[in-house]
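Engineer: In case you want the letters, here they are:
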Amino acid sequence: NSKVIQTPRYLVKGQGQKAKMRCIPEKGHPVVFWYQQNKNNEFKFLINFQNQEVLQQIDMTEKRFSAECPSNSPCSLEIQSSEAGDSALYLCASSPANQDTQYFGPGTRLLVL
Amino acid sequence: QQQVRQSPQSLTVWEGETAILNCSYENSAFDYFPWYQQFPGEGPALLIAIRSVSDKKEDGRFTIFFNKREKKLSLHITDSQPGDSATYFCAAFYGSSGNKLIFGIGTLLSVKP
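As given, the protein sequences belong to chains F and A, one line each in that order. Per the working numbering, the very first residue in the first sequence carries number 2; after that it's consecutive. Per the working numbering, the very first residue in the second sequence carries number 746; after that it's consecutive.
It should be emphasised that the hints constitute simulated quantities derived from the structure, not laboratory data. Just so we're clear, the structure is a prediction, and the values are computed from it rather than from any experiment. Beta carbons are placed, not taken as given, at the ideal position from N, Cα and C, and that holds for glycine. Some hints here could point you the wrong way.
Stated by the list, open to error - Just a few of them, taken from the derived set where beta-carbon distance is under 8 Å, the chain F residues facing chain A:
#: 1; residue: F34
#: 2; residue: N41
#: 3; residue: F46
#: 4; residue: N49
#: 5; residue: Q51
#: 6; residue: E84
#: 7; residue: L92
#: 8; residue: D101
#: 9; residue: T102
#: 10; residue: F105
#: 11; residue: P107
#: 12; residue: G108
Stated by the list, open to error - Below, simulated DSS-like cross-link-like pairs (lysine-lysine); rule was C-alpha separation at most 25 Å, straight line:
#: 13; chain 1: F; residue 1: K45; chain 2: F; residue 2: K14
#: 14; chain 1: F; residue 1: K64; chain 2: F; residue 2: K4
#: 15; chain 1: A; residue 1: K813; chain 2: A; residue 2: K802
#: 16; chain 1: A; residue 1: K817; chain 2: F; residue 2: K45
#: 17; chain 1: F; residue 1: K21; chain 2: F; residue 2: K4
#: 18; chain 1: A; residue 1: K816; chain 2: F; residue 2: K45
Unchecked claim - Here are a few chain F residues that sit away from chain A, every Cβ distance over 10 Å (derived from the structure):
#: 19; residue: L12
#: 20; residue: Q16
#: 21; residue: G29
#: 22; residue: R65
#: 23; residue: S67
#: 24; residue: N73
#: 25; residue: L114
From just these sequences and the hints, can you work out the full model?
Structural biologist: See below:
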């Protein structure tokens with residue numbers, strides 16, 4: 002029942018390859034988040050946007066990860082050079098303006114061989 | 746350090762029993778606490794949430810009890826059903842919309858028929 006759309010659902014890459022995943026936030030939600038959920042169920046915040054502007058991002062994101070949320074196009078998260086440790090479920094969430102609730106998509110499961 | 750802790754890591758109850766999932770936090774600035782339900786292969790779905798000004802929030806079979814002084818909260822699932830078998834995450838939030846959620850590592854609930 003997710004209204005946040007994420008593609009692809011599964012992604013398999015070799016080490017050093019680029020991995021790109023996309024997210025269409027729920028209609029009318031200007032705030033978009035990316036989280037990484039590892040196999041131990043630990044959630045790590047990566048980056049968030051309000052409209053097209055970055056609000057916050059972690060150091061890891063600044064190095065090999067890049068993300069954007071262009072107007073009238075899906076948001077995207079790209080890993081420039083995948084590492085085995087990047088294997089995880091990447092979750093996109095969106096939030097209405099001035100509200101705390103975040104709604105998650107189904108995720109993109111990335112496997113780096 | 747883990748800002749949001751959940752216990753137990755796993756819980757098994759019989760159908761019709763009440764499941765009690767516990768959560769505690771460290772940062773007294775947290776003021777919004779959503780619980781998410783996640784089934785295998787899916788993203789987290791918002792189940793119920795409470796704000797720190799309340800001590801109880803009820804929605805059908807799901808109730809959150811909140812103790813601000815002790816920085817603890819619990820999710821009670823009454824009349825548990827096999828379909829409730831999932832991982833439940835407690836999360837915490839503070840500040841303005843657009844801030845990240847801080848998640849616990851979840852409780853895996855199994856409801857036996």
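Engineer: None of the hints should be skipped; say for each whether it holds.
Structural biologist: Against the structure, the hints come out as follows:
no.: 1; hint: F34; in the structure: 7 Å, holds
no.: 2; hint: N41; in the structure: 7 Å, holds
no.: 3; hint: F46; in the structure: 4 Å, holds
no.: 4; hint: N49; in the structure: 6 Å, holds
no.: 5; hint: Q51; in the structure: 6 Å, holds
no.: 6; hint: E84; in the structure: 23 Å, violated
no.: 7; hint: L92; in the structure: 6 Å, holds
no.: 8; hint: D101; in the structure: 5 Å, holds
no.: 9; hint: T102; in the structure: 6 Å, holds
no.: 10; hint: F105; in the structure: 4 Å, holds
no.: 11; hint: P107; in the structure: 5 Å, holds
no.: 12; hint: G108; in the structure: 5 Å, holds
no.: 13; hint: K45(F) / K14(F); in the structure: 21 Å, holds
no.: 14; hint: K64(F) / K4(F); in the structure: 30 Å, violated
no.: 15; hint: K813(A) / K802(A); in the structure: 14 Å, holds
no.: 16; hint: K817(A) / K45(F); in the structure: 22 Å, holds
no.: 17; hint: K21(F) / K4(F); in the structure: 20 Å, holds
no.: 18; hint: K816(A) / K45(F); in the structure: 22 Å, holds
no.: 19; hint: L12; in the structure: 14 Å, holds
no.: 20; hint: Q16; in the structure: 25 Å, holds
no.: 21; hint: G29; in the structure: 14 Å, holds
no.: 22; hint: R65; in the structure: 20 Å, holds
no.: 23; hint: S67; in the structure: 18 Å, holds
no.: 24; hint: N73; in the structure: 21 Å, holds
no.: 25; hint: L114; in the structure: 20 Å, holds
The earlier numbered hints that this structure contradicts are 6, 14.
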